[in-house]
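**Student:** Can you build the whole structure from these sequences, using the hints too?
In the order they appear, the protein sequences are chains D and E.
Residues in the first sequence are numbered from 23 upward in steps of one, following the numbering used here.
Residues in the second sequence are numbered from 23 upward in steps of one, following the numbering used here.
Hints are not guaranteed to be accurate.
Since the list gives no way to pick one copy over another, a pair counts as held whenever it fits inside one copy or between any two copies.
With a straight-line cut-off of 30 Å between C-alpha atoms, the simulated DSBU-like cross-links for lysine-lysine are [claimed, not checked]: (1) K89 to K207; (2) K271 to K294; (3) K271 to K240; (4) K240 to K268; (5) K240 to K34; (6) K267 to K207; (7) K267 to K192.
No wet-lab data here; the hints were simulated from the structure.
Next come the chains, spelled out residue by residue.
There are 2 protein chains.
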Amino acid sequence: MKLIVDCFGGDKGPAACVEGVLEAAGAYPGAEFVLVGDEDRLRAELPDGCKNIEIIHAPDAVSGNDKPIDAIRLKPESSMVKAVRALREDKTADGLISVGPTGVLIAAATLRIGRIDGVRRPAFCPILPTMNGGIVGICDSGANVECTPEMLLQFAVMGSEYLKAAFQRKEPRVALLNVGTEEEKGDDLHRDAYRLLKQEAAVNFVGNMESRDLLSGKYDLVVCDGFSGNVLVKSTEGTAVELMKKIKKDIYSKGLYKIGALFMKKMFEEEKRFMNYQNYGGSVLLGTEKIIIKGHGSSDATAVRRCIEQAADMLGSDLNEKIAARLNIKEEAYV
Amino acid sequence: MKLIVDCFGGDKGPAACVEGVLEAAGAYPGAEFVLVGDEDRLRAELPDGCKNIEIIHAPDAVSGNDKPIDAIRLKPESSMVKAVRALREDKTADGLISVGPTGVLIAAATLRIGRIDGVRRPAFCPILPTMNGGIVGICDSGANVECTPEMLLQFAVMGSEYLKAAFQRKEPRVALLNVGTEEEKGDDLHRDAYRLLKQEAAVNFVGNMESRDLLSGKYDLVVCDGFSGNVLVKSTEGTAVELMKKIKKDIYSKGLYKIGALFMKKMFEEEKRFMNYQNYGGSVLLGTEKIIIKGHGSSDATAVRRCIEQAADMLGSDLNEKIAARLNIKEEAYV
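**Tutor:** And the structure:
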């Protein structure tokens, strides 16, 4: 396994990335890692004599304010653009992990990295925790704001294989995000996608899902066009974050509440850990020939290590070969 | 003011509706109310000698499981269908309040009640509380799963006038729901809508909004196509409800937490009240000639009374005349 790690662009700086890589290097002794970023700063974080860790020097970094297309064109020396180039050019490289801006990563990877045979468009698949202690994948959550029914079907196939490979789900329960649960709900895109999903033997399709049920634990994968998927993921995260902020503020508003909160300190810590989606792994771009994992911008070393484990699981289970096999069977069925 | 109240289809039965009407009848002595539903059950809730309250007998009720079009066709004797018919036929009736299923109400009202001059499609506009103690309207949240840029512009105009009329917002800050804040984000629909909104003098347009910022208090109105608006509203509500359920469950899991929660009882009650969107009024269908307000299915008497107050505010401020005036100026500008 050879992974390229873009070490700049995250909130915690390169130290968290390097530390995560060092932890993983211990667990995967045969693995090679290529760190991309300012060489001096990376060297400063590395102990002497790391034989399986290379560095590619990149003096620049992309930021969340960069427009994706501009960043790719105008920042060729940024760690992310150089990391994607290295992934493309190094035939032995298997995948890329980045904690930098999502939009730039998706754009660069979609433009520069080839697709798995049969894949129409790569799709972005973050994972959220459900309220019963499980997880749910959302695919696509923003790589494709405009979709066709066939693309939604492919998202379902790719997402199902991904959940089997990286989260040991046997028969992932797949739902289609819609405005109601009945089959005829939504616009033409969603009605047509429903029909395709219902016929697809490779997908355990359980019907339409309303967004309010995302965290219910009844579904393993939610398939959506990138526009509404983006709305879904960000509103779920936003509401949880805002609500916990409000509760915290309210606790500090009164002495009595502060005392009560002392009794519940552990519980609130646990809620915080529970809602920290870093613990559930990075968001994967599905459908590219090489593995692309986006860690959260605020990823710490543990989160980076978790992304590396995820890449190892995906490689170890031949995820991309399985996706190609599934899609090729289907392409024949379309004809 | 003459309002028709569909008293069946809500979770709390007709008693809550009748009680809400009786409370409002005291506050609006000149108002007339028409209760629709099973006559015997309604009579049982009414005190003797209510002069300004009529009853229309409707032996049947629609349910959340009814498909809207089927319900309208197959349940002509249901309280909701009869209420919409009464609103259409009674020239003196100003509006309708219902706590029954949203989908049937929107479908029946859209089909049977005329539109304000110049309105392309009515839009559904619920109100949610923001974390700084304010409110935000979401328009459209599901009446139109397919939209044009011109429709989104009309939603912005109607929603702005509504927030001025019913919530005393002077210059409502209007955002467009999108996958990012930059002008060129999203698909053609959203880019074109952005351009129209930016040019529109009648709308205080402040730019694109990502769904994670819905509750931030930075916006008074969020304009969206009905599909993503539906995803937004239901995921926001769903996440808040699921999270509070989880916290409650976790509190009950340990004696220590239960003790802590005793200190915070008042705070949790306050959070519950805060999140109970009944307290912020019903969801309004904007663009119909007569006022249509959908109260939450679990509305109690207070929530029903609040819907009636909302209708009074809308009528008292000549909302529909203002919408017509704004839209007619614009239609000329299009030519």
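**Student:** Next, verify each hint and record whether it holds.
**Tutor:** Outcome of the hint check:
1. K89 to K207: Close across copies (10 Å), not inside one copy (35 Å); limit 30 Å.
2. K271 to K294: both (15 Å within a copy, 15 Å between copies)
3. K271 to K240: between (32 Å within a copy, 18 Å between copies)
4. K240 to K268: Classified as both: same-chain Cα gap 28 Å, cross-chain 16 Å, threshold 30 Å.
5. K240 to K34: Between copies only: 28 Å across chains, 35 Å inside a chain, cut-off 30 Å.
6. K267 to K207: between (35 Å within a copy, 29 Å between copies)
7. K267 to K192: Classified as between; 28 Å across copies, 37 Å inside a copy.
Hint violations for this structure: none, all hints satisfied.
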